[in-house]
Amino acid sequence: MSRIGEAFADGPAFVPYLAVGDPDYESSTAYVEALAHGGADVIELGLPFSEPVAEGPTIQGAVTRALDAGMTPGKYFEFVEELDVDVPLVCMTYYNLIYQFTTDDDERKGPRPFVERAAEAGIEGFVVPDLPAEEADPLREACDDHGLDLVFIVAPTTEGERLERIMDRVSGYVYVQARLGVTGARDDVSDRTDDALGRLEDWDVSEQGPEARRTESNGVPKAVGFGIKTGKHAERIVEGGADGVIVGSALVDIVAEGHREGRPAEAVAADLEAKARELKEGAASGYAQRVPEPEHT
Amino acid sequence: MSTSKFGEYGGQYVPEALMPAIEELEDAYERYVLDNEDGFMDEFRRRLRDFGGRPTPLQHAEQLSERYDAEVYLKREDLLHGGAHKLNNALGQVLLAKYMGKDRIVAETGAGQHGTATAMAAAHLGMPCEVYMGERDINRQRPNVFRMRLNGAAVNTVTVGRGTLKEAINETMRDWATNVEDTHYVIGSVVGPHPFPVMVRDFQAVISEEAREQVRERAGRPPDSVLACAGGGSNTMGAFHGFVGDEDVELYAVEAGGSSLEVDEEEGVAPNSASLSTGDEGVLHGARTKLLQDSNGQIMESHSVSSGLDYAGVGPELAHLVDEERVTPVTVDDDRALEAFHRLSQEEGIIPALETAHAFGFAHENPEQLGDVTVINVSGRGDKDLESVIEESAKRDLSAAPDMDVFDGGAGL
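Residue numbers (our numbering), protein chains in the order written: chain A, 1 to 297; chain B, 1 to 413.
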């Protein structure tokens with residue numbers, strides 16, 4: 001099992017997201033480390049792309065700040081190398097940046113040079129919001145060659161054959177998109193989260209082909225994201241059966257507010273750590289309240 | 001299954017949430033457009049005729065023919081209802097959305113021509129419609145914004161980035177991802193994920209289907225060349241599609257050279273929209289195609305005096321046809337496009353869209369490349385551009401422009 005898979009092994013995982021370089025390189029380092037101190041089990045590190053079509057206004061703002069401050073794929077990998085955290089890191093970005101990346105040793109376009117450099121820097125998995133299963137095989141193969149995970153998003157609209165296609169290719173965790181639309185913190189929990197978790201629950205490994213990656217008896221863990229803002233949301237979602245919660249915009253909001261008000265990075269980092277703790281504790285509390293499943297016979 | 005790729009280009013690079021809708025659209029495209037199920041294509045053609053005014057004429061341009069020593073024919077898409085070729089696609093897609101049982105339309109627009117065409121088609125077919133438009137474009141194209149609202153469409157301002165077509169597409173994709181179950185996204189060009197590039201091309205192909213027959217009747221022979229301006233490439237593919245198989249017909253895609261073909265990597269700006277001529281391969285808005293991007297893969301801000309060409313990407317099929325050397329990409333800069341705008345207005349009595357003027361700029365600079373018989377696609381009329389043209393002409397010393405002094409000292413039109 002990969003380190004990412006292991007992060008889900010002992011109770012629900014808290015998976016925060018921040019855009020790297022928002023609002024600048026040094027602060028961003030402190031913020032990511034604060035999330036680790038606050039109990040993050042896996043961290044999604046956004047590599048900013050100029051056209052973030054899956055993102056709502058909050059993360060669009062983060063991407064713009066990071067790009068304006070000079071973030072590039074090269075600096076991103078240095079950032080990852082210099083981070084002092086001991087949790088698995090997932091690179092979240094759009095496909096063009098992966099596709100364009102070349103090195104002096106490897107000038108071919110395509111995902112390989114990027115994956116190789118990411119692996120060397122300490123990235124352990126990817127999530128690429130504009131790469132559906134249909135176009136993902138070159139990246140999947142490159143990830144396999146370097147032992148990295150490739151996370152796929154399962155949307156509220158994903159059913160039937162599409163779900164199978166994704167489950168054949170996913171590793172690390174399944175990113176269950178809680179609602180339609182774009183990223184952004186919300187004040188409620190979508191009912192569609194339960195529907196999506198239910199569909200994944202019904203997905204029976206025994207009926208799948210030999211390529212199915214769900215070799216563990218518990219399957220690939222299911223982490224729910226899109227709209228989670230509070231410890232209460234996290235609690236409710238884990239109680240509903242999620243193996244983890246992914247939180248981005250609610251954390252980016254803290255970064256954005258700190259930047260807007262000109263607060264010192266240490267103070268913002270302390271707020272991020274506190275928010276992380278709230279979300280992690282919410283998830284743990286939801287797990288404790290879960291009705292124990294009957295023993296399988 | 002229809003193929004999603006043109007060589008290496010094309011594909012379906014979109015968020016998972018949209019993929020079921022794209023599969024649904026692919027199925028609808030195959031059944032209704034390719035197989036004419038329930039008489040869809042019959043109804044589409046009937047409405048293009050009765051509502052749109054097709055067929056559009058192929059006009060012999062007497063002054064230009066004399067000037068360039070070639071038989072110059074103009075395919076008059078500017079005479080289509082709405083004043084541009086855009087209605088061919090918009091009507092096709094809104095009608096398709098109706099056949100698919102969707103009850104809401106969203107669209108992006110750059111110059112406003114696609115937005116107005118979609119708003120007209122939606123009003124005609126009784127569908128609610130929202131159009132996303134960049135703030136900068138809204139200011140450049142005020143008459144079109146008002147036309148959309150006259151037709152009952154909501155116009156949503158997009159303020160991020162430079163506020164042009166690229167940002168409008170991003171925002172429309174976000175709306176679609178939120179409302180995908182009941183909404184159809186009427187994309188305005190031969191761009192985006194499969195099946196949009198083939199479907200939009202098929203709706204626009206009526207241009208070359210008609211032109212191919214008309215030029216045979218008029219000139220008694222096929223043309224030596226076909227010229228069309230190219231931004232995203234919908235009028236380009238529409239004008240070329242019927243001729244792609246005619247190997248002796250040269251196809252020129254005329255891109256916006258803007259103010260310069262140079263790129264400012266530091267600022268992330270390419271002051272042109274010449275993705276076929278200068279771009280390289282990458283992934284944007286659902287497709288692999290030729291793009292204006294920096295060395296890291298960040299998309300550049302493009303520029304053109306004509307907002308309809310102001311886009312960092314281009315249709316994947318055009319990118320492929322360029323690589324195959326079937327289509328020749330060329331560029332015309334802002335100055336030459338403005339000159340051509342004035343020249344066509346004066347010499348032929350046709351005020352062309354600034355987009356269209358690029359094609360005429362190329363003809364003027366390279367008459368020897370037209371051959372004996374040429375077809376130039378007049379993709380749209382220029383009424384929408386008058387404010388920009390007044391402003392841009394006043395900044396320049398254009399030999400073909402009328403005297404601009406009349407505007408000094410607050411004199412009215």
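It should be emphasised that the hints constitute simulated quantities derived from the structure, not laboratory data. Note that the structure is predicted; figures quoted are calculated from it, not measured. Hints should not be assumed to be uniformly reliable.
Covered stretches of chain A, as calculated for chain B (at least 3 residues, CB under 8 Å) [claimed, not checked]:
| id | segment |
| --- | --- |
| 1 | 46–53 |
| 2 | 66–74 |
| 3 | 99–108 |
| 4 | 141–154 |
| 5 | 169–182 |
Think of the CB as a built atom: it goes at the ideal place given N, C-alpha and C, for glycine as much as any other residue.
Self-check item: Those earlier numbered hints the structure runs against, lowest number first
Solution: none
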